[in-house]
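Asker: Make the full structure from the sequences, and use the hints.
2 protein chains.
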Amino acid sequence: MVSGKEMAERQTVTVLDVAREAGVSVSTVSRIINGTVKVSEDKRLAVEEAIRRLEFKPNLFARSLKKGTTMTIGVLTQDIESPFFTRVMSGIEDGLLGSGYALIIVSGHWDAAEEAERIRLLIARRVDGLAILTGHLSDTQIAEFARSQPIVVTGRRIDAPNVRSVFFSHEEGGYLATRHLITLGHRKIAFIAGPPDHADAVSRFEGYRRALAEVGLASDPSLVVQGDFYENGGVFAMNRLLDSGAQFSAIFAANDQTALGARMVLSRRGVRVPDDVSLVGFDDLPTSAYLTPPLTTVRQPLFEVGQFSASLLLEMLGNPRKTLTLPPLELVVRETTRRI
Amino acid sequence: MVSGKEMAERQTVTVLDVAREAGVSVSTVSRIINGTVKVSEDKRLAVEEAIRRLEFKPNLFARSLKKGTTMTIGVLTQDIESPFFTRVMSGIEDGLLGSGYALIIVSGHWDAAEEAERIRLLIARRVDGLAILTGHLSDTQIAEFARSQPIVVTGRRIDAPNVRSVFFSHEEGGYLATRHLITLGHRKIAFIAGPPDHADAVSRFEGYRRALAEVGLASDPSLVVQGDFYENGGVFAMNRLLDSGAQFSAIFAANDQTALGARMVLSRRGVRVPDDVSLVGFDDLPTSAYLTPPLTTVRQPLFEVGQFSASLLLEMLGNPRKTLTLPPLELVVRETTRRI
DNA sequence: TTGAAAGCGCTAACAT
DNA sequence: ATGTTAGCGCTTTCAA
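In the order they appear, the protein sequences are chains A and B.
Quick note: to get the working numbering, add 123 to the position in the first sequence (first position is 1).
Quick note: to get the working numbering, add 123 to the position in the second sequence (first position is 1).
I should point out that these hints are in silico values taken from the structure, not numbers from a laboratory.
Keep in mind that this is a model prediction, so the values were computed, not measured.
One thing to keep in mind: the hints can contain errors.
Simulated crosslink set (PhoX-like; lysine-lysine; CA at most 25 Å straight-line) [as the list claims (entries may be wrong)]: (1) A:Lys190 <-> A:Lys180; (2) B:Lys189 <-> A:Lys180; (3) A:Lys161 <-> A:Lys189; (4) A:Lys189 <-> B:Lys190; (5) B:Lys180 <-> A:Lys189; (6) B:Lys190 <-> B:Lys161; (7) A:Lys190 <-> B:Lys189; (8) B:Lys166 <-> B:Lys180; (9) B:Lys190 <-> A:Lys190; (10) B:Lys180 <-> A:Lys190; (11) B:Lys161 <-> B:Lys180; (12) A:Lys180 <-> B:Lys190; (13) A:Lys180 <-> A:Lys161; (14) A:Lys161 <-> A:Lys190; (15) B:Lys189 <-> B:Lys161; (16) B:Lys190 <-> B:Lys180; (17) A:Lys189 <-> B:Lys189; (18) A:Lys180 <-> A:Lys166.
Answerer: Here you go:
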């Protein structure tokens, strides 16, 4: 039982195999692969032929070990399903296109301990750079992590060496949304809040209050209900609000997913949007334009945030690309708001 | 001008450093890290202390090089933003939890050439296993790729060594949806198709025709319009259908995103759902339950598909976990369909 | 139990 | 222009 020698070809073809096949040295093979130094035409041909014949695929791990770079960017997202985060990731992917960097994605599920653990995993895998999409890590933890590799963090402002942040004034966004409602004649404006431990959520609330204060209105606590940034939180909050008997002509939901949940309850309970009540969201998720009716919201340029983050990272890694400018937050008026 | 340069001083602490610090050999350090062999208590303490003091993080790359395993699973998705795919990925993530495997995600953007290139990238990174979420790769290409590592492919059936597939009969799903409409008394049922080169889309259409044929109806070509599986395709298709003047009392959209686009047009053009026309989607995306009104659809257990794929992969990699069973496709009747 | 030493597959001096 | 060789940081025989 010795013959049958055609055992599937050795699982791993190395540069050495290629070198032998082509009758050259390993360094020549390496040089051809990396195009670093000039190599005579005939050897190049021989090597390329050998590579093809052997189906050689360089082991990127070994290369990384040698070069100390992995050509990998780690992304810490919170929720792999959230349209908010995936939009940003899509931008990162786009921004990295053609740079040779690949993405390794982990999610922290909004839990500081889990986030820290995932980051450590990424660091152990020697990612060359890190993109952290918001989250609950403390500034000092992030600064600490930045000692291993450059970090770009979105949705929050951090000043630390080796860290860049890309963020907006959500207070301003909250102000924009509320201001729009006020301009339309609304005075009784309910607010469905986001998670209290989420800085952006809190800022949006502050913007809401500023807009109200500007026209001499205090924010009415009975008009503020708690949500969680997910559809279901909007459902609960809306039911609570309706059940409380509070009077209002407009609702500002802390994000689009919340608005979606609220809108469903409204519809189910016979409250028409925008005829009976106006509704504004925040984020402008891709699907928000397709709701019935299309949602008025504050647009966050999420895709651009991703692209921008990628370019920041590339720059920190010494591969600067064309510089981008980040569009501002802006109000997108669609059909869920009307004058009263 | 040298100052601003934030070169990350990559403090690379190695096992050798730890060994020296603790006064033992590198092999002892390695043994302690991996817990492979018994080591005397005092040395263990000394090493653990040294690891802590030096903040040593083992280089997973070097380990991989030695062990020939990367503890990484590559996932080829088509669109990092699609709620359909992210739901599956979320399931994969869940199924891999605690297994030590990390996910590296790339997307092929529905382009066979790009898909193949991404897979080659993944293979060069020596992923231990691959999950391919549908796509345009040919069966032979996939079989070919499977020579490098085990593959699980979703949404299609492939019989090849080292490949497992998880799929449903979309023909059956299309049948279920159409049958539901027929049972409700509908006879003029429009169909908004998916991409013609997408096997599932085609199968759903076949199911639609079977249900129709079963009650002696032929599918009316003027009631079938082309979509693209995205919201916008639904918008175009619905407008086209309405403009054509064709008569119908129900619509079966090839997926939920299509249904969402169609539903927006319907609403905009004053056609009430379900009063004037019934609407059925396919997939049961997380947000479909929150539409107004909540969408009747064929539920694909996407999250479970992901979990199941992960367990298949783990099994092929020799880390069997508890076996799961995959739920079937099922009709979820909500509020966009009614009897006529 | 512990240490010495041989690689894993690759790149980059250093020679020639 | 090309080959020889010394590692990158780790695990794992093989001895002691």
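Asker: Hints first: check each against the structure and report whether it holds.
Answerer: Here's how the hints hold up against the structure:
no. : hint                  : in the structure
1   : A:Lys190 <-> A:Lys180 : holds (17 Å)
2   : B:Lys189 <-> A:Lys180 : holds (17 Å)
3   : A:Lys161 <-> A:Lys189 : holds (21 Å)
4   : A:Lys189 <-> B:Lys190 : holds (17 Å)
5   : B:Lys180 <-> A:Lys189 : holds (17 Å)
6   : B:Lys190 <-> B:Lys161 : holds (20 Å)
7   : A:Lys190 <-> B:Lys189 : holds (17 Å)
8   : B:Lys166 <-> B:Lys180 : holds (19 Å)
9   : B:Lys190 <-> A:Lys190 : holds (19 Å)
10  : B:Lys180 <-> A:Lys190 : holds (18 Å)
11  : B:Lys161 <-> B:Lys180 : holds (21 Å)
12  : A:Lys180 <-> B:Lys190 : holds (18 Å)
13  : A:Lys180 <-> A:Lys161 : holds (21 Å)
14  : A:Lys161 <-> A:Lys190 : holds (20 Å)
15  : B:Lys189 <-> B:Lys161 : holds (21 Å)
16  : B:Lys190 <-> B:Lys180 : holds (17 Å)
17  : A:Lys189 <-> B:Lys189 : holds (13 Å)
18  : A:Lys180 <-> A:Lys166 : holds (19 Å)
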